[in-house]
Every structure is written in structure tokens, then in C-alpha cells.
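A.B. asks: In case you want the letters, here they are:
Protein chains: 2
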Amino acid sequence: MTKYVYDFSEGNKDMKDLLGGKGANLAEMTIMGLPVPHGFTLTTQACLGYLGRGDWPEGLIDEAEEHLVRLEHTMGKTLGDPTDPLLVSIRSGAKFSMPGMMDTVLNLGLNEDSLKGLALQTGDDIRFANDTYRRFIQMFGKIVMNVPAEAFEHALDAAKAREGPNAQDTDLDADDLRRLIDEFLSIYEQHTGSPFPTDPRAQMRLATEAVFRSWNGKRAVDYRRQNKIADDLGTAVNVVAMVFGNRGDDSGTGVAFTRDPATGERVPYGDYLPNAQGEDVVAGIRNTLPLAELQRIDPVSYGELLQVMHTLEMHYRDMCDIEFTIEKGKLWILQTRIGKRTAFGEWVMAFDMLEEGLIADDEALLRVDANRLEELFKRVISSSATARAIARGLNASPGAATGKAVFSADEAEAWAHRGERVILVRRETTPDDYHGMIASQGILTSAGGTNSHAAVVARGEGIPAVCGADAIKIDLAGKSFSANGTRVREGDVITIDGFSGKVYVGRLPLEESVLEKARSGDETAREEMIWKAFERIMRRADEVRRLRVRANADTPEQAANARERGAEGIGLCRTEHMFLGEERVEAVRQMIFADTPAEEQEAYDKLLPLQREDFVGIFRAMSGLPVTVRLLDPPLHEFLPNQVELAVEVAVAEARGKSGGLDEKRALLRKVNELHETNPMLGLRGVRLGIVKPGLYAMQVQAIIDAACRVKAEGGDPQVEIMIPLVATKEELRQMREELEPVARRELDHERQWLDHLEWGTMIELPRAAVTAGEIAEVADFFSFGTNDLTQTAFGFSRDDIGKFVAMYEERKLVPANPFVTVDRPGVGRLMRIATEEGRAANPNLHLGICGEHGGDPASVVFCHEVGLDYVSCSPFRVETARLAAGQAAVGSLESASK
Amino acid sequence: MTKYVYDFSEGNKDMKDLLGGKGANLAEMTIMGLPVPHGFTLTTQACLGYLGRGDWPEGLIDEAEEHLVRLEHTMGKTLGDPTDPLLVSIRSGAKFSMPGMMDTVLNLGLNEDSLKGLALQTGDDIRFANDTYRRFIQMFGKIVMNVPAEAFEHALDAAKAREGPNAQDTDLDADDLRRLIDEFLSIYEQHTGSPFPTDPRAQMRLATEAVFRSWNGKRAVDYRRQNKIADDLGTAVNVVAMVFGNRGDDSGTGVAFTRDPATGERVPYGDYLPNAQGEDVVAGIRNTLPLAELQRIDPVSYGELLQVMHTLEMHYRDMCDIEFTIEKGKLWILQTRIGKRTAFGEWVMAFDMLEEGLIADDEALLRVDANRLEELFKRVISSSATARAIARGLNASPGAATGKAVFSADEAEAWAHRGERVILVRRETTPDDYHGMIASQGILTSAGGTNSHAAVVARGEGIPAVCGADAIKIDLAGKSFSANGTRVREGDVITIDGFSGKVYVGRLPLEESVLEKARSGDETAREEMIWKAFERIMRRADEVRRLRVRANADTPEQAANARERGAEGIGLCRTEHMFLGEERVEAVRQMIFADTPAEEQEAYDKLLPLQREDFVGIFRAMSGLPVTVRLLDPPLHEFLPNQVELAVEVAVAEARGKSGGLDEKRALLRKVNELHETNPMLGLRGVRLGIVKPGLYAMQVQAIIDAACRVKAEGGDPQVEIMIPLVATKEELRQMREELEPVARRELDHERQWLDHLEWGTMIELPRAAVTAGEIAEVADFFSFGTNDLTQTAFGFSRDDIGKFVAMYEERKLVPANPFVTVDRPGVGRLMRIATEEGRAANPNLHLGICGEHGGDPASVVFCHEVGLDYVSCSPFRVETARLAAGQAAVGSLESASK
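Chain order of the listed sequences is A and B. Residue numbers for the first sequence follow the numbering used here, beginning at 15 and rising by one. Residue numbers for the second sequence follow the numbering used here, beginning at 15 and rising by one.
One thing to keep in mind: the hints can contain errors.
Quick list of in silico lysine-lysine cross-link-like pairs, DSS-like style, CA-CA up to 27 Å [to be verified]: (1) B:672 - A:232; (2) A:679 - B:546; (3) B:827 - A:707; (4) A:685 - B:707; (5) B:493 - A:685; (6) B:672 - A:827; (7) A:818 - B:91; (8) B:493 - A:672; (9) A:818 - B:17; (10) B:685 - A:493; (11) B:242 - B:679; (12) A:672 - A:707; (13) B:130 - B:17; (14) B:827 - A:672.
Some, not all, of what chain B presents toward chain A, calculated at C-beta under 10 Å [said to hold, decoys possible]: (15) 72; (16) 74; (17) 219; (18) 220; (19) 654; (20) 655; (21) 657; (22) 792; (23) 795; (24) 841.
Reference listing, derived: stretches of chain B covered by chain A, where coverage requires no fewer than 3 residues with Cβ under 8 Å from a Cβ of chain A [said to hold, decoys possible]: (25) 226-233; (26) 267-280; (27) 585-594; (28) 740-753; (29) 774-785.
Bear in mind the hints are in silico, worked out from the structure with no lab data behind them. For each residue, glycine too, the CB sits at the ideal point set by N, CA and C.
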């Protein structure tokens, strides 16, 4: 028979699946001999069993009763006993900590009989007993039975009001509280239709069922979807003998961290609230004291607590977050877990613990979160700033930003265009705001969560953002907003902090990111510490990773930046920009408009020397490292004016009878119409262009090889990889190579040079290419997965157009995750796996990489490692992230590191 | 060691791979004891060996010499002998008959010495000998050495001219011919730079090498690409002892078919040319006589030939095509093969042979070509018509058509719009002509082959077409064309015959297709025969096929038509048209423009009763058979005006200061702009619409279920399958079903009905859906492969846009075949296989079909059979084709049937 209930002495910290995080850690601490109250845990299996059949699974009631009797025996007290009653708390605890689930009911076991017993046991402290009973009814009613919280609070407020205008709840005496108890009991009956349960076992059954059911509550389900936690884990229920922090000034309750979770410093950190129970801290009724105050109040307990903290940190080998209660000078530990920390904190702690010998190199590597590494590169509000926030929202995208408030995307773009720094303030954003968002220093919204459109775009673009700051009331017509009494008008300067979610009026001083400052030698002690941590842990990542990391870079500047950040080559050098710019537009139009091959060739002859210079700069910057150049990819109409605008311009000129330049415009419009495509994404682009306009790719190859020869002649070491985009069939690549390789050879002969490294390959960015990769590999030296387009074609999602439904898709979990951020393993990932395996089987020398934006996403980097790619290529500012993620992938599961 | 040479007595008809078609059949006839001249065959392996090393493979020369000596021994004559020389013909023969390859060199072995011997052996017939020598030099020069044919022909014409104005070559005497020989020899030397080879063995070597090399000639290669014949087969070379049809009036040569290849009738058919060699028949220098004339000229040989024909037909169990020569009253058979025949002929022959007991049911089934079945349904020119063609082109798309000539697509559309029947006449067509092509009765081009744009579109649309009629000279400016002296102006009526490629002036009488006439009871004996054949063979196909055949039909009329043609259900009922039409456009706009859910619901309430009526008609027509209804698929902007046109209209109105209705147009333009998509193919459509506009699909489901209940109440048997399009993830389908199934249940309860057959499924038309089909199948009752979209997304080809490069892609073989016509097996086919296997594994009750246009393509039907689908669905006019192909797939390889 399934064992559904475990005494704390029967479990350990590795049993989180069964006992939940809280239960497993309570068990662990029990075994360690720490002062944990006695208790037992109903397992997650019990929860799933209950949810599955809608009733307690067979045997569970008996088993729970057995443990309860044992607990009574251990404690020498009995539930409901009128002389010496046992009281317990009921605490939920899933494997992962989860807001939205029912949390805790304290003081369970009280009724009119045991109330007397409690008073008796506390030296006839009737006030304490009544206060405890009042709290229990309130908490049970609210949490277990969904009685509206206000009902109880109004009654409490009324009771206090009877005492005087500024009365606290501590001003209520035993009689006041007795009256309140009676009021609460009738509130309870009124809202639930039943009298308050007097049988402690019935109380426990109801509370336990409520915990079980809360697993499927809407907020819990939403949270799991958001955080990709499986729905079939269930929650455990802990039944813990009560200890009381509300028994006077020698009692209290608090939270402690073994190190500072914000800075990572090795100092104890926390809060303490004397004469209180845990829910008082949460409710924020009274202000807590800094933990250090406890040393003054109760030095013995404080010393004992420090000892416990040390023991726990050594045992868990990580920073721990501890809940404790002191009952009449006796310390009790009620919970511990690995503490959450800031991105800065995690680097400092990982490095310190490594130095302290607490953890090994690889563990330190796994202790930092690659997803948050970018935060270290973001600007922060100077620590010297003293302003008070006018509002606080969600920290939706890290970094601090300051600028003038504007209220529409068009204004943002217009103001930015004339050199102003702006913060775009909106209720929420839509895809139509995109142009204004990317023109802004920061984004502030009054609605929407951390996965709202504004948040997603901001993070994607690296723009600081605060979202859902609901204190902000926007007056769109008046171009202003107010927040807690402060009014901000268009053009007024504000500052937002994407780390804390805070919003300030005025221009607060910003500082470069700690890492940038450290790198430029301009560091304080703290920054030096983060820099050391960064260097050491990144070195480890570089030592262990199997994946190489390249960057997507199109210019010498980007290439140099990427190299400085540790890029080991360019995985994608796009050549589109080489067809743009004033001096080139004429030649490009000539190329598009050419009626004869000779005219077309003339255009290429003009472009050739310009593009050669472009490549020379890139090969110089990347000397000694491979550069993958992608031949022209986008459809030609991207180099011509917008169809609708031009058609309107021509028609209006005609209507007005203006003929100046009209013929030329008409000719242009004819060409634009001719080149217009219904679905340009699936049209005449990529290798198809190369086939239809053979001179085009030949010119590019000539420019590439010329440039490489030049750099080589200077003493450089160009390593050239020529990439043909959008290949669907082997024949496309074979025929293009057949055409282009002689061009390259001719140039090499002409320059009397040879290149050590000249390879030809293709992007795998179409599903057909993926499933026929075995054939294609026969004529390719390398593959580079173009996961942007592969995701577009596999899902049939146009990135340009999904704005209208993607938010709903993410929210309703219609896609496993945003497939443009993280590689969709079952679909796109499977295509990649097929292509990798069959490509390698057909051509063992094939080398493989990825150059879609996924190359900079940690989860996708792990996938690339698993699939066995040779490298990832990402935008320059993601190079460190990719290096770190690649190292973590090599060492072990990234998942354990991100918890 | 490889055996490279086979005597005719060593082979048989099943050795076509090695001996080629001609050699294998010569060997077969030799074994059968038919009067075949002696000879031997150099194998296809010899050819490949030669092409591989650029020289004769080791041992081949010796082996050929050995066989040659044996032939000389058998014949008692020696090559080049001055008294009794052996002459031979060299005949190429690949596995498949292939135009463009070198064909035949006759009379090989002649030089000045053997010329004398030939004269001696023929009773001093010097004229015959000289004529034979002159023919040899001419043929050898032209075919083996590429001397321009005109050079010889001019000399021959000059010689004839010297004899008089109307002289025939038979008017040249021995001396004339001797002079001509000398002229030919010098023409040869002049063009080749070498004297004519006098060594017969050198002649033979050169001729053999020329045959080998012609395998890789451009025309042969093109032909193979076009006809999907492998490049690595090679051709065999046959060396055959000469017999002479040019030895006087008791000699001659001819071609005979064992049955009439045009009508299929069981009567001998063919041509005979007295006193001639084979090339005279081919060259058409003199008019041939009908074969029956031979009975009068040489009754003995005729009788013998009939006997041979009977023997061959019984032996090959099929209609044979025979080349024969009579030399001085002695019949020789030079070649036989299975004869080509018309689409009509093949049905009649298959049926007759089945009735005669010559072949079994399944063989008869495989004898007809599913690709050509449509021809039986096409209109033909009445047999009573007597007009003379003014030009002849390629029979690019079957059927006859008559109409007024127009010279541009716009005119075609405009004329058709006002009720005129037109034939579109173009040099060639481009994608921009599409709208005019589909408005035309027929298409006539002066350039382009059977795979030109015009031909492909015409066949796809079922429009008769004659292409590449190069006698037609178009004067675009003058809106006319001339052909062989006849001028046709715009509006003049012409008639084209897509069966024969002929073009006529005037309106020729057309007749319904033989099958349509037979079906309507209005048949002649011939039509009755085809009808019988059709019924019997189709019955067999229906008996044996495992694949069910459904039709894609959107209206009751289409449904009824499909059912009459044997469709077993509707595999795709599109619902787009239910949102079109004047009475609906208002409601549809309201649906799109709605600001509130209430407004939107109002629109649905208007559409509901109209769409219910649409479905009632369809369910009535298909009572008892399944109907798969696809919920709305296209993006909403398809129901609004064109963006460019509307923007121009608004801008022009503004420029002109016209304000009437402008506000409304502006509002419309705003909405059009808002809904505009960069890549609508990959945008907000299919299930995404259903998710974003939940009321839309709910309304459709309500209309479907209401209609089904109505039909059921009438006593009908509606079988409903509701299909959600464009699903990429399991969640999309799961959530849509979760939303829509309650709607269906509610309607059923409301109508107090239940349905025997109500299923929910999806199209598999995205690569991600295919590779995650195992997941999707968990929530689907059926899959239908939407291979149009699957091909678009797998290849990244937009069907709307590939016009600019697809012709080049087909020509350069960059795609295996047009993937929109025949399922691309390695890519799209593999995705289908994955989805089928994994879908069935996850849900054994899943049923699967295909509803892309591939469902009516015979090769794709075979693939669907192999993959194990349950049904194919195609346009109504392809239902018989699909039934036939499905039957053939079940019985065996379709390939053998289509040769």
C-alpha cells in the first residue's frame, strides 16, 4: 500500500517530489538535530489521490490519524484537550515554491474547550488564548472557507475604534477579544452557512482538503503555466506542532538570510518582529526590525540563530532563507530553503563560496543564471541617489533609464528623431507601438505583467522597462499621468528602474553597469568583486564548454566588439546593408532595373569595389577566426520604395496634374508592382535570387575573395566561409557551388593567393532542407541552422504578423513557449536533430552551427549542446550569455542552476 | 570478366536493362523463330563503360570483333568484301525509347571495294549499289559526324535539278549517283577535315561511339529530365545484317500496328512504302501507302506479316508496333515494341484483350494511364468536320475549343466578361496572364513546349491548349496573327485541337466527350465501346482499391457532381464562399469591424441562418457519406478591398477635395491597413482566427449541427466531420474542441437529435504539425493532409509568388518535379510518413486522408496508398482519375502501366 504520510524524522531534503520543498527541508533539519517543532507531512501523492477521486484516497485518513496520535504522544498533548491542548499549523508545500496556493493556517485545534486549556497552559494568559483563537477563526475562515477578509477586518477595526481613535490590536483586552471571537464566529456562519467546526480533527480535514484543492486554483495554475511547472506534481501538507511568537516580548518571529541576497555579501540579513505570529510579518501591520536588532533584544537566541544559519549554509552549501520563531526565549526553526538573490548577488556568492572552498568550480558555474547575466551589463541608478519613488510596478526588463515622458509611439519616435531621450508611457503596448518603443530609453506601463507585450519587446530589445505600475493613472488626452498625487506632463523628465520596478520623478544619476565600470578600471570594491567573480566563473565556462561561440556581426565595429566579448568567429555576416546607403542606391536600382545582362553587370561592377572594402574591414577585425558570410538573402523589393506609398504618390500627382518626375516615378511603380510579392517571406529571395540573377552572387563571391586576398597579403589570416541562404534542395546548393567555386578560384589565381580556410555551406532554415539534410550534406562543408526562418516555416508563423495573436498564444499556452525566443524542441528542435544526425552521417566532416536569435538564449544553447552542434552564433551583446550557457550545458543541467 | 556483347540468340525480351528495348525484342523474336536478320548487341554496360573512361572498356573491342566474325561466318559474307560484302545497320536502343538520341545508320560496310561486291551480288545492279552507297555516306556523315544535313540535300537537289524541274531521286541513274557519291565524299571531307573512312571496321567503331556519346547529348538529357528517366542507364548498340527494301518493286519497307492505335479497334494498321529504305518513310519524301495495299502488291508477304503480327500480339499480350522490310519478296522483321496509343485506344484495347482472354482483369487495369483519363472527358472536334489546319503545334492540354482570337490577358478577361467565348493567343504566357487564361476557352501559343507556363496552367485548369505552334507569327500591335499565309484578326473565330495540336480558322463543330455522350445515352457504337471499357475497368479499380476517394466540394451542385462521379464523401468542404455574396458582405464587415462582442455576435446572428441553408444543401446531396467541413481558413482581409487600390482611391479623393463617402472609405482603409499582413500565408488565419474570434467558429459549428439535424429530421443521414485548419500545436486543437464541442452538444440537445457520425479533426498542413502529429493525434479523430500548404511551408515557396522562378527551377531540375503537382517524396512525403506513423501509433482509431490538389494526381495517389492513408480527396473532375490510380496502386506498380 502506498505510504501517504511521513513523520519529519522519516524524510530528507532529497524527497521534494514526495514531501514538497517545505516538508523535505523540515525533515532534513529534524535529522540534523536543529530545533524544529515536531510534525509530519501528507505527501504530494496524497494530494494527487485526493484530486483524482475527489475524496481522500483509501487509507490516508487512517494513516494521518496514526501520525497525529503519535505526534500527540510525542508532545504529551492532545488535540482539543481542555487542559493541555495540542495546537498545530497546517502548511502547504509543493516541490517548487508557488504563489497563489493556499499557504498556512496557524493555531489549529482551538475550540471553546481547548481555548481554556491553552489559557491554563500559559499561566492563565486568557488574553493570549483569546487572541490566538481570534486569529485562528479569522485565518481558517479566510483561507480555508473563502470568507471575505474584509468581513473580519471590519469587525476588528470596529473593536479597535471602540477603544479609541488610534488603538492598536494590542490595546484590545481579553474581554474585547472574547467579544470579537463571538463576532467572528457569527461572521463565519453567516458566510459559510455552517457553524464554525469545533472538532479539531474536522478542522484539520477541512484545512488539508483546502490545501489540496488550492493546487488547482486559478492563480496556481496560471503561475505554473507562466513558470513551466508541470500540473501533475501536486502539493504536500505539513502538520506542525505550534510554537508561539506572540506570547510576549520574549517571543517573536522573523526571516533570516545567511548572506545578503541583494549584494551577495557574507553577512547575515533579515527581519524580526517581536511578539508576533508569522502572518503579522506578511500582513505588514507593524514595521519589522532589522535582524541585527535581535542581538540586543535576545542575545542568546541571536547567537543560537547565527549558529543555525552557519550549520545550514555548510550543510546546504548555499545561501539559505530561514523562517524562525522565538517562544519565550526558545528558538524554533520553522522553514528553510535555498534563498533567492539578485543577479549581482548570485555571482558574488558563487565566487565567494568557491573561494571559501564550500563549492567546486563546476558548482559555482551552475550557481549563476545565464538568463540574468545581461543584468550585469545594464546601467543602474547611482547609489548616491536619494529620490523617493512615486510608484512601483513589476521589474519587467532590467536596467535604469531616464528621459522625457511621452505618451504615444509616434511622439516617442518623433522626439527621439530630434535627439531627445524619452520614456514611453502607455497603459499597455501593442505591436503598432513597436517603432516608438525601440526609439525610447525606457518603457513604463500602468497595466500588464512581466509577459505583456511591452515586457517581452523590452527584454528582447534590451530596453529597461517597468510594467503594471497601477498607481499610474494616464490622461491620454491631457498628455500627462498622475501617481500618488504627483502629476507628470509630456516632456517632464522621469527615471525608471527596471531592476526594482520603481518610478521616480526627475533625472536620477545613472551609473554604467558594474561590469562595464570594472572592465574600464573605474571600479569600487563591490564592482571589483563582481568583476573577479565574472572573470573566474566565465573562465571555467570557457574551459569546460564544448560549443564554440560566434557572433552575428555585419560590420567591422560589431565584429571587434564581439571579439572583445569572447566571440570565436562570426557565424553570420549578413550582407544586406552592403546594398544600402546613398552611394550604392543608384547601382542597386540599376541592378534591379537592368534590361540586359550588360547593364546588370555594369551595376555589379560599381558595387564590387565598395563591397570589397566592407569585407576587408571585417576580415581584418576577425583575422585568425572564421567568418561566415551569407550571400544576399532578402527579396529585391526591399531595396525599393513602399508600394502603397508610391502608388498613392503617383496617383495624387496625376490627380493634381503635376508631371514633374512623374514618368520616372511611374516606371519605378511599375517595377515595384512587378516585384511585389504576396508572401515575400516565401518568395524570390535567398538562393532563388542567386539562381535567377547569377551575376549577383558571383559579384559577392568576387568581393569576398578579393578582400580575403588583400587581408592575407597584409599578413592577416582570413578564414572564409561562404553561406548560401534558403536552400530547399540539394540541387540548389550543388548548382550554386558549381557556378561560384570557379569564380573564387579565378580570383585566387588572379591575386596569386590561396586561402587556408575557404568553405561552402548553407543555412538550414526550411523544413524540407532539414528532412533532406542527408542529401544536402553531400555538397556542403557546413550547415548553419537559421532557426528564425525555420521557426517561421515550421509553425507557419510570420514574425511580422503574429503580433495580433502571439500574446494570446503565450497566455493560453497554445505554444510551449515563445518559439522565437527558445527553440521549440518537439517541432523545430526535432527538425534540427534530424538534420544534424543525417547530415553528419552523410558527411562526417560537416560542421554545424546555429545563427538564429536562439543562439543567445540559454535554454536553446543547452539544446544545441545536446544535439551536438559545433557552435552557436548570437548577437554580440549575448556572447557572454552564450559562453556561460555553453559551459553550464557541458557541466550539467542548467535547470539546477536556475533554481 | 563482364560480357559486353550478346548475339540475338543469347537474349530475350526481359533483358531490356542490358540490351535496351530494341535489342531485347530482336533477341526475343529471334528465339521465337521469326524472320529477323542476324546480328548482335553491345550492351548498355558497354556504353556506360565507354562514357565512364572516354574510351572502349577493356575487352569490348575484342568481344565485338568476335561477334562480328561470327556474324560474317553465319551470313557467309565478309565486311568490305569486294565480291560478296556483308553490310550492317547500326541501331541504338536504350531501355526506354528516347527521341534525341542517335538512331540508325544503314548500309554500313560500304567502300569502293564492297560497292563493287554489292553490285555483283545484286545481279550487277550498279544503280542500286550506288544509291545504297550514297545513302550510307549521307547518313553516316549526318548522324555520326554531324555534317549539316543541308549540305547533302543541296547536292542531291542540284543533281535532281540537272535531270529536269520535277525529277525524283528515282530519276537519277547509276552515273548520276556515282557523281553524287563523289560530291558527298568531298562534302564529308570538307566538313569533317578527314576523308571518308574506308575501313568498314573503322566505320563501325565510329558509328558505335557516336551512339554511345549521343546518350549524353543535350536533347537526350533534356528528354530524360522531362520524362524522369535515370541518367545512368546508358544505351545499347545493335549491329544487324542489312536487308534491302530498295531493291525494286518487289521490295519495300513499312510500319505495322497489330491494332489501330488511334481507335483501339482490332484491325491491322500501318504504312508501306515500296522500293525504299526505312529512312525514306521517316523523311516523308514519298507518300506511304496504307498497309492494306500490301495485300494487293504482295499477298504472300502480307499474309506472312499478318501471321507474324498475330504471333507477336499473342506473345506480348499487347498491341505491337512493328518495323519490317521486304527484300525481293522476302519478309524481314526489323523491330517490335509495345505500340503507343491514344487515351481512347488504350481503353478499348485493354477492354477487348480482357474480353478476348488475352489479359486478366488486373492487367487490363494497369494498361490504362490514369494521367490521361481526363482526355476521355474532353470535347473533341466532330468527325464530320473537314477543315484544313493552318498550323500545328504541340498537343499541350487535351480537348477542343473554339472562340474569338484575342491577344492579351486583359482583353480575354474583358471579352469573356461580356459573354464572348475567346481563345487567348500569345507568344508565350507568364503568371501575369493567369486571369486572362482562366477566362478563355482555349490557349494557343507560338513558342514554348509542353511544360511551358501556358501548358502547365492549361492542364491544371483543364483548358485545351496548343503550344509552340511556331508557324504562327503574332503582330501584337496589329492585334492579328498570320500562319502559312492566312491572317487572323482579333475577334476572328478559330478552333484549336488540344489532342492533335492543330489550329483551324473558323468555328468547327465540337462534340461532347465520348464518355459524356455515352453517359447521356447519346452514343454511337464506338462511344458505346469506350463506355463499356470504362465501366468494366473502373469497376475493377473500385473492387481492388484500398483507398477511398472523396471530393473537394463546396456547394450542393459540386457535391452532387462528385457523387455521380463516384466520390465516397467530401474530404474538403471549404466555407470561405459562405462569407461572400451581396447579402452577406454587410454582416461580414460588421463582424470584422465590431468594437464590442455584442456587435460581433449580431453579425454572427445574421450569418447563421444563411450558412445553415448552405450546409443543408450539402448534407442532403451527400446523405450517407462523410462530409469534412473546414472551418474558416483565410485571413479576414481577404473579405475587404485591396489595400493599394483603396489607399489610392482615398488619396485621390482627398487631392481632388471630394468628400462624399470619404469618411467611410477612410475608416475602411484604416481597418484594411490594420489587418494588412506582410505574409498573409503565415498570418492570422486558420485556427488562429478561431482562437482570436471565438464566436466565429462557434457560429459555423452551430450552423453545421443545425443543418445536420434538419437533414436527419427529413430522414437523411448526415455524416459530419468538423475540421480545424492550420493547427501547429496539440493545444490549439485541444482548446478549440473544448470550446466547440459544447456548442455542438447544445445544438443537438436543443434539436433533440443525435448524429451517428460526428468527428473532430485537423488538417496537417504545417511541418510542425507533421513532426508533432503523435501529440496532436491524442485529441483528433482524423487528420487530413493539406499538401498545398504543407508544400508551401516545407519548401518556403509561396504559390502566389513562385511564378518568377519556378520555370527555371523545373528546367534546371532544382526541384525533383513540380512539388505542387506531385507530392515531393523526400521532403513533404517524409513529413506525411512521419505524421501518419506517429499519429496512428498514438491513436489507432485515427483516420487519415489528403485534401491538397495532389489528391487527384496519379503518382501522388500511389504515394498515399503506400503511406497507408484511408482516402484521397480531389476536385470533382478528378474523381475517376483518383479511383483508377488507387486501383492501380493496389494492384501493382503504376509505372509499368504508364509506359
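A.B. asks: Work down the list of hints and note, for each, if the structure agrees.
C.D. replies: Hint-by-hint comparison with the structure:
no., hint, verdict
1, B:672 - A:232, "violated, 56 Å"
2, A:679 - B:546, "violated, 65 Å"
3, B:827 - A:707, "holds, 17 Å"
4, A:685 - B:707, "violated, 38 Å"
5, B:493 - A:685, "holds, 26 Å"
6, B:672 - A:827, "violated, 49 Å"
7, A:818 - B:91, "violated, 88 Å"
8, B:493 - A:672, "violated, 33 Å"
9, A:818 - B:17, "violated, 70 Å"
10, B:685 - A:493, "holds, 26 Å"
11, B:242 - B:679, "violated, 54 Å"
12, A:672 - A:707, "violated, 36 Å"
13, B:130 - B:17, "violated, 36 Å"
14, B:827 - A:672, "violated, 49 Å"
15, 72, "violated, 30 Å"
16, 74, "violated, 32 Å"
17, 219, "violated, 33 Å"
18, 220, "violated, 32 Å"
19, 654, "violated, 14 Å"
20, 655, "violated, 13 Å"
21, 657, "holds, 6 Å"
22, 792, "violated, 13 Å"
23, 795, "violated, 20 Å"
24, 841, "holds, 4 Å"
25, 226-233, "violated (count 0)"
26, 267-280, "violated (count 0)"
27, 585-594, "violated (count 0)"
28, 740-753, "holds (count 6)"
29, 774-785, "holds (count 5)"
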